[in-house]
Structures are given as C-alpha cells and as structure tokens.
Amino acid sequence: MKPLKTLFLNPPSFEKFDGGASSRWPATREIESYWYPVWLTYPAGMLEGSRLVDAPPHHLKWQDVVEILKDYEFLVLFTSTMGWEGDQKMAEVIKQTYPSIKISFVGPPVTTSTDKALNECAAIDFICRREFDFSIVEFANHKPLAEILGVSYRENGQIVHNPDRAQVTPEELDEMPWATEIYHRDLDVTKYSVPFLLHPYVSLYSTRGCPAQCTFCLWPQTLSGHAWRKRSTDDVAAEMKQAKELFPHVKEFFFDDDTFNIQRARTVELCEKLKPLGLTWSCTSRVTTDFETLKAMKEAGCRLLIVGYESGDEQILKNIKKGATVQRALDFTRDCHKLGLVVHGDFILGLPGETRESIRNTIEFAKQLDCETIQVSIAHAFPGTEFYDYAKTNGFITNEAMADDGGHQMAHIEYPGLPVEYVMEMVHKFYDEYYFRPKAAFRVVWQAIVNRDVPRLYTEAVSFMKLRSQRNKAARAAKEANAVKAQESVSMNA
32 MKPLKTLFLN
42 PPSFEKFDGG
52 ASSRWPATRE
62 IESYWYPVWL
72 TYPAGMLEGS
82 RLVDAPPHHL
92 KWQDVVEILK
102 DYEFLVLFTS
112 TMGWEGDQKM
122 AEVIKQTYPS
132 IKISFVGPPV
142 TTSTDKALNE
152 CAAIDFICRR
162 EFDFSIVEFA
172 NHKPLAEILG
182 VSYRENGQIV
192 HNPDRAQVTP
202 EELDEMPWAT
212 EIYHRDLDVT
222 KYSVPFLLHP
232 YVSLYSTRGC
242 PAQCTFCLWP
252 QTLSGHAWRK
262 RSTDDVAAEM
272 KQAKELFPHV
282 KEFFFDDDTF
292 NIQRARTVEL
302 CEKLKPLGLT
312 WSCTSRVTTD
322 FETLKAMKEA
332 GCRLLIVGYE
342 SGDEQILKNI
352 KKGATVQRAL
362 DFTRDCHKLG
372 LVVHGDFILG
382 LPGETRESIR
392 NTIEFAKQLD
402 CETIQVSIAH
412 AFPGTEFYDY
422 AKTNGFITNE
432 AMADDGGHQM
442 AHIEYPGLPV
452 EYVMEMVHKF
462 YDEYYFRPKA
472 AFRVVWQAIV
482 NRDVPRLYTE
492 AVSFMKLRSQ
502 RNKAARAAKE
512 ANAVKAQESV
522 SMNA
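Note that the working numbering numbers the sequence shown so that position 270 is 301, with each residue one more than the last.
The reader is advised that the hints may include incorrect statements.
[Stated by the list, open to error] Here are the simulated distance ranges between beta carbons:
{"#": "1", "residue 1": "Glu395", "residue 2": "His89", "range": "53 to 59 angstroms"}
{"#": "2", "residue 1": "Gly309", "residue 2": "Glu186", "range": "39 to 45 angstroms"}
{"#": "3", "residue 1": "His215", "residue 2": "Lys306", "range": "50 to 56 angstroms"}
{"#": "4", "residue 1": "His215", "residue 2": "Arg359", "range": "22 to 28 angstroms"}
{"#": "5", "residue 1": "Glu464", "residue 2": "Glu116", "range": "31 to 37 angstroms"}
{"#": "6", "residue 1": "Glu116", "residue 2": "Arg359", "range": "36 to 42 angstroms"}
[Stated by the list, open to error] Heads up, simulated DSBU-like pairs for lysine-lysine below, C-alpha to C-alpha not over 30 angstroms straight-line:
{"#": "7", "residue 1": "Lys101", "residue 2": "Lys33"}
{"#": "8", "residue 1": "Lys272", "residue 2": "Lys222"}
{"#": "9", "residue 1": "Lys222", "residue 2": "Lys92"}
No lab work stands behind these hints, which were simulated from the structure alone. The beta-carbon is built from N, C-alpha and C at its ideal position, and this holds for glycine as well.
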C-alpha cells in the first residue's frame, strides 16, 4: 500500500515572519531573514510522493496552501508559539474544505501544551511530541495511532498520550535522507537570506541536541533534547560534496547545529574531510572553543561564527546557566580576530537578574568584543523552558504579548525597576551605540562593497530603520499608557 500523500508545511504567518520550523527564535526580524525548515526535510525525504512547502520565504498565502492541499491526504504543520493562533484557525478552514484530510501538528507549543492544543483545535487529528521523524512516517504508512510512540490524540472524547518515543540515534541520523536533497527537490534556495551570511546560502545540521543547559533556549528543552547525537563525519562530508554539485551558485553553507564545535576531536576530524572540498562555510559556536580548533576550522574553509554571548554581566551568565564567563568570551573573540574568522554576536536583554546597570555592562562588553555584526533580542520566556517557569513563578510575565501585530519581538517580562518600555528603548540604544561608531559603520559599508552587495545593504538599512521607528512609537505609546494608569491609580487612592 502506498503511503498517504503528505504535505509538510512551514505555514504562512506574519509578513516576513521567520517561522517555527526554521528558527529557534521565531519572529519577524529587524531585517527580512529566512532560515531553512531543516526539521521537516527528514520525514519528507522518507515518504514517496511527499512535498515540503516553506511558505514564508516563498511568499505563499494561506489561500495558496489550501489550493495546493487539494492533491494531498495528510498535512504535517510545524507550529510556533507566536504562530499558534493563526495556525489552528487555518487548520479548521482546511478541515472544512477537505474533511477527509488528516492533520498533524508538530513543534514546541504542541509538545509543551498538548492537551491545550487538542482541546482548542478540533481539526488536529494528532500531535507528535518532540522529535517527530519516525512517528510521522509510520502514520503515513498506515500504522494505527494506538501503536505509534510519541503521539497524542483524541479517542472516545478523551485525550490519549502514547508513551514517549526514544530519541533518534546517531546511526539513524546517518541513515536519514540528506536535507539538501529535499531543498533541491522542493525549495528555491535563492529565496533564503540572512543579513550576515553570503547570498544565496544553504543550511543543514551535522548533529542534534545540545548538552548545554541555557535556561532560555527553546529547542533543547522542547524538541531536540540535551543528548548530543552526531552524524558521522563521513556522512556529513558526503552530503557537502553532493550539495556543492547540486547548488553551484550557492556562496556559503551553514551548519545550523545548536553546538557545532563543542567537541574538539570531532570538529577537527570533520574539518579534515571538508578541507579538500574547497567550500566556504560557517557555523554556530560557543566561546569555550579553543584556538587550535578554531584554526582547524579556518583552514577548512570556515568564514563566520554565530556566537551567543547573551550578556556581558557575569551574574546573568550564571543565572541562565550559560557555562561561560566574560573573560573567556573576550579571549575567544580575540582568537577569532587573530585567525580572520568573522563573528556575528547575539545578545539578549531582559534575562533573569537584568538591571539598568547590567544592560550598560552588556553594551560596553559588545563594543569591546567588536564583532563584525550583532543581533540584539528581547528575552522571551517560551513555555516549556526553565526561564518560563522562573518568570511565571515570580510573576514577571506581563499581559503583553511576545510579539506585535507584525510578529516583531516585544518585551513581555518585567522585573522590579526595569519597565518593559525601558528594555525596548535599550535595544535600539544598543544598536545605535554599536553601529554608529565610525569603525563599525565603515566596516559594514566596506564589506558590502567587497561582496558587491551594496543594493542589499541599502534594502536592509531601510528595513531596519523602518522597524526602529515602529518600535520607538510602540515604546512611547506603552510609556504613555503606563503614565495614564499610574495617574488614574493616584486619583482613585486620593
């Protein structure tokens, strides 16, 4: 019997929204960006006749998706915390349009709030908790739900939670289809762009899971787990060799692992196999990576590292269990500069213990690091994370949503003496102080000239300034609203 004809969907959402199947931090960015829906490629590659649709970068609307679905029997939708409300409404429309279609939701929010999801959305036939590769494939191959591990569903008016499925093993990772083959089959790679990566680029995973214990990080706590599982270096190198042939126009490959280079021996071994391929590639990195490992990476074609510094305050780094220190971050970044490795630094404002002083420490720390580019995010306490439990227990989560009507990040955590509007204001101040330094501004413009990408720089600058203006207005409005509330409170108590 042939498998159900299956559509894997990273759904339409807010305009320019970098959705749940592609991003650990789902949001509409300051500058239009799209990551790849790597998670969906594996089961898509295991099912004959399947198709992967990544709506956001291909600018597909829900009407387009509904039309595409007329040829399919089974929909697998990767949802996100921010996209959940819209995703469930569209699932209802799809079910009304095609009553016989089977619908499964996957992703963090339906893993952490499974009962809530099934109770709120009658259109969902079942949910796959955490890693969903084999559960989806088994269902598509007509295995009864009652016999599939890791799924939840309704039966006779009751919600049934089947036992958890064991995590995918390293051996199974090697046996899975290559994500890049599914990109070549179903996606237009020129639609994907990230400001600090060369365009076009292609991303993939060489590992799963993350042994680090960062309290705020979404995927290790809700999807992939903390067990670090490695594909063999031979399998990764073989995929990269083929990807170079499949995408001769791609300028850069990106290893989007949670912790690509956390193990020195494995990283050096992989670099030895990548070096002969003559590729330009980049990856994520922790600041604990030593000089010799970085040197091996540079010699094998590594161009850029995405580094989650998060904060320049020692106490906050301890609070979030980062497993790193300010000094180690400085030493690591000095090594990168010495080797000629470009660094994109990620920072978060509003983490546990944040104060006005710690925010200032982080801004000065970032200037001292002097990364080529930075991203400053607002702390989001996603359900299912240790950070969420801490913020919820202590009453720090406000009634404000995580995002505005456009899917842009908004502060939703407020500590005593640190209003949400102040945090929003400091995000902009952070960017202003960092990029309007003569050295930093010249570097960005010079790189655009070297890469012959001045039009892209102009487009990104316009997008950033537009969002900056919108956020400033939102922050001012929030400040004025709070002032009115305070005045009303004073009047009532008078």
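Now the hints, each set against the structure:
no.	hint	in the structure
1	Glu395 with His89: 53 to 59 angstroms	41 angstroms, violated
2	Gly309 with Glu186: 39 to 45 angstroms	55 angstroms, violated
3	His215 with Lys306: 50 to 56 angstroms	24 angstroms, violated
4	His215 with Arg359: 22 to 28 angstroms	40 angstroms, violated
5	Glu464 with Glu116: 31 to 37 angstroms	36 angstroms, holds
6	Glu116 with Arg359: 36 to 42 angstroms	41 angstroms, holds
7	Lys101 with Lys33	18 angstroms, holds
8	Lys272 with Lys222	22 angstroms, holds
9	Lys222 with Lys92	15 angstroms, holds
Hint compliance for this structure: hints 1, 2, 3, 4 are not met, and every other hint is.
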